[in-house]
Structures are given as structure tokens and as C-alpha cells.
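Participant: Please model the entire structure based on the sequences and the hints provided.
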Amino acid sequence: MSRGGLEAGWVAPDVAAELPGLALRYAVVDRGSGRSSRALRQRLRELSDRFSGAQAINLRHQDIPHAYRVLYRHIGLDPDEQPTPVEAAVLERLEHGGFRSRSVLDDALTIATVETGVAIRAFDADRVAGAPGIRASAPGEALAGRPGELPAGTLVIADDAGPVALLFGAVAAGRDVDRATSRTLLCAVRPRTVPELAVAEAIWLAREALEAG
Amino acid sequence: MPEVLEQIRPAPGAAPGHARADRVRAGEASRRAARDDLRAQIADLERRLAELFAAAFPRGGIDWRVGAAGGPRILGTGDLERVRDALAYRLRAAEVELGHRVEVERANRELLAEMVAAPERHRWIRISNSDIGEPGCRHWHSRPRWGILGMLLDWWRVKLSSGCPLPGCVELAEA
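Chains as they are written, first to last, in this note's numbering: chain A, 1 to 213; chain B, 1 to 175.
Just so you know, these hints were derived from the structure itself, not from any lab.
One or more hints might be untrue.
Said to hold, decoys possible - Chain A side only, calculated, beta carbon under 8 Å to chain B, not exhaustive:
| id | residue |
| --- | --- |
| 1 | 40 |
| 2 | 57 |
| 3 | 80 |
| 4 | 81 |
| 5 | 154 |
| 6 | 166 |
| 7 | 167 |
| 8 | 168 |
On a predicted model such as this, the values are computed, not experimentally measured, just so you know.
Where a beta carbon is used, it is the ideal one built from N, C-alpha and C, also for glycine.
Facilitator: Here's what the structure looks like:
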């Protein structure tokens with residue numbers, strides 16, 4: 001796993017055959033989360049001011065948010081019941097009148113997601129073994145911290161040790177970023193129609209916000 | 001015709017297992033093509049539903065939910081068909097509902113124009129922005145000028161409200 005630039009995660013051949021173009025990109029940042037600086041909170045406020053109700057209404061038929069909605073439909077999720085990351089951020093903006101600051105990491109992810117529309121998430125890099133990728137779960141596999149086994153064929157983000165998180169869902173216990181985290185793995189799932197450049201920009205934005213604190 | 005049959009028949013030296021494997025591969029390729037086609041249809045329906053959602057704003061009360069097929073997982077042909085059908089049904093239902101609302105709003109706009117021209121013939125009628133499909137909280141109200149005196153003398157006018165209450169006023173009213 002390289003520490004520098006953007007890395008390409010793997011996609012299992014059976015998943016790639018059914019969802020061609022699906023990709024996973026990631027980068028590792030040498031810091032964990034923490035309290036947001038005043039500058040980062042200000043940046044979040046400015047982003048809230050730039051984001052209007054009209055943009056929120058038109059969001060779902062813009063190319064990148066639309067691509068995630070379509071991917072959700074293709075994998076059996078309903079984006080109106082479980083909003084895509086950018087729609088979840090925008091709903092929060094509308095409900096609370098602004099993007100709420102929580103931590104450096106959450107704020108960095110919100111900025112990157114809202115600016116680009118790309119779904120980006122984070123894991124503790126030191127608790128991910130090898131390169132992450134996307135695959136279907138095997139019979140008998142479970143997501144740590146959740147009761148019972150995963151239904152066989154559940155799409156997960158996995159590493160060499162097993163499932164790290166559901167694709168667009170819960171993170172396995174012990175893989176999330178917490179107070180002990182010193183290195184963060186930023187990870188973006190790219191549907192076929194989302195440009196590579198948008199994903200690179202999203203990870204770069206999150207990384208830059210995270211490093212600036 | 002004999003030449004065609006000759007081509008379909010396996011070559012004399014070919015193992016029967018190979019022919020079976022070819023048929024299985026061809027069947028799987030055909031099923032995958034069907035799934036790809038369904039995914040393309042789902043993408044198209046999702047875009048049309050999203051466009052309708054934007055066009056419907058600010059009208060509320062339209063159901064946009066389609067329901068989940070249970071995921072995240074690779075959906076089979078049957079599940080993809082169910083998602084496609086549910087999207088098509090939702091799109092059609094939303095189009096019908098929106099069409100009905102647009103008709104009602106057009107009638108309300110005509111009524112509003114008549115009310116503004118002759119308030120005395122539309123006494124006490126109140127039309128809001130939502131009745132004519134516009135955002136905001138304004139409303140037009142046909143009322144007598146100077147209260148009871150206007151009622152007695154048949155002096156009517158249309159009053160236009162000033163718009164949405166300020167957030168502070170709402171909080172005060174709720175408290």
C-alpha cells in the first residue's frame with residue numbers, strides 16, 4: 001500500500017463482469033481525526049452558504065449524483081430510503097440550515113462529497129490489511145460487530161483479512177477511524193459513468209482538508 | 001438447408017462436452033446481455049424520475065419511493081425486472097398525479113385572475129401559492145374593504161399577504 005498518491009483497489013471478476021466499470025480508489029493520509037480547526041469550520045459554513053435549495057432539488061439528475069443513484073438501484077438499494085452520501089449531506093444542509101461540523105474527518109468528507117458528488121469514506125489505515133477491494137461475501141462470512149452472518153453475495157469492501165464494510169453501508173467493528181487512529185485510508189467507490197478525474201479530485205479535497213485540520 | 005444443418009451439427013471430431021460447454025457459455029452470455037439491458041432501462045427510468053422530481057418542485061405529497069430489492073448485492077434478472085417495473089410504475093403514477101395537479105393549478109390561476117378583476121363576485125375566496133403551484137407562502141384573499149361597512153356597501157378587494165413568516169416569528173408561535 002503506497003502512502004503517496006491515489007491507488008487503485010481491486011474488484012472481484014464476478015462483480016466486475018456484472019457491474020463493468022465499477023472501481024475503487026483509495027489513498028492513505030498520515031493523520032487521524034480530531035476536533036476541527038476554526039478555518040475548517042469556516043470553510044464548511046462557506047460551503048453551506050454556497051449551496052442553495054435549488055441546487056438540492058436539481059441534484060439527483062446531475063451526472064455524478066445520478067450515477068450513484070443508478071448504482072444503488074442496480075445493487076438493490078433504494079436511494080430514497082438510504083440516501084447516497086451526497087444526498088444525505090444535502091438533506092442535512094436543508095434540515096439544519098447548514099453543514100454541521102463534527103470532526104476533522106467528517107468535515108473533510110462532507111466537503112469532498114458535496115463539492116464533487118463522489119461517495120467517499122474512511123477507514124483506519126493501520127487496521128486494513130493489504131489493498132482494499134470490492135467483492136461479494138462468501139457463505140458464512142460476517143461483518144465484525146454485527147450479529148449473524150452476511151447473506152452470501154452481499155457486496156462488501158474487503159481487505160486480505162475479510163469484509164471491512166458493506167458497500168455503501170456499515171463499517172466492521174474495529175475498522176472505523178477512532179481516537180487511536182494515526183493513519184486514515186480514504187476510499188471512493190466509482191460507478192462506471194463517474195469520471196476518474198472527479199474521484200481523484202474528491203480524494204484530493206478530503207486529503208487536503210484532513211491534513212489542514 | 002442441408003448446408004445450414006451441417007454447420008449446426010458438431011464436427012465429427014469434436015467432443016460432445018465441448019458443445020455443451022459452448023451452449024452453457026452462450027446461455028450465460030445471453031442472460032448477462034438481458035441483465036445489462038435491464039440495467040440500462042433502470043438507468044433511463046431513474047433519470048426520467050429525477051427530472052420529474054425536479055419539475056414537480058415545490059409540489060409536495062407525491063410519492064417518489066420505489067423500494068429496495070434488498071442489497072447491496074448483484075441482482076439477478078428477476079430482481080432487476082422487479083426494480084425496472086417498480087420504477088416504471090412510480091414514474092407513471094407520478095406523471096398522472098403531476099398532470100392532475102397542473103390541471104387544478106391552471107383552473108386556480110384562472111380563478112385568481114377573475115377574482116382580482118371582480119373581487120365582489122368571489123367573496124371570501126382565498127388562494128395560496130401552493131394552489132397555483134408556486135413556491136412560497138403568499139396568498140390572495142377576497143375581503144370587504146373596511147370590514148362590515150364594505151360588506152354592507154359591497155366594496156370588496158383582494159388582499160395579498162406579505163409572504164412567509166420570519167423564522168423568529170415561527171419559533172415564537174411554537175413556544
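Participant: If a hint holds in the structure, say so; if it doesn't, say that too.
Facilitator: Against the structure, the hints:
1. 40: Violated, about 27 Å.
2. 57: holds, 5 Å
3. 80: Result: holds, 5 Å to nearest chain B Cβ.
4. 81: Result: holds, 6 Å to nearest chain B Cβ.
5. 154: At 6 Å from the nearest chain B Cβ, residue 154 of chain A passes the 8 Å test, so the hint holds.
6. 166: Check passed: Cβ of residue 166 of chain A comes within 6 Å of chain B, closer than 8 Å.
7. 167: holds, 4 Å
8. 168: With a minimum Cβ separation of about 6 Å from chain B (threshold 8 Å), the hint on residue 168 of chain A holds.
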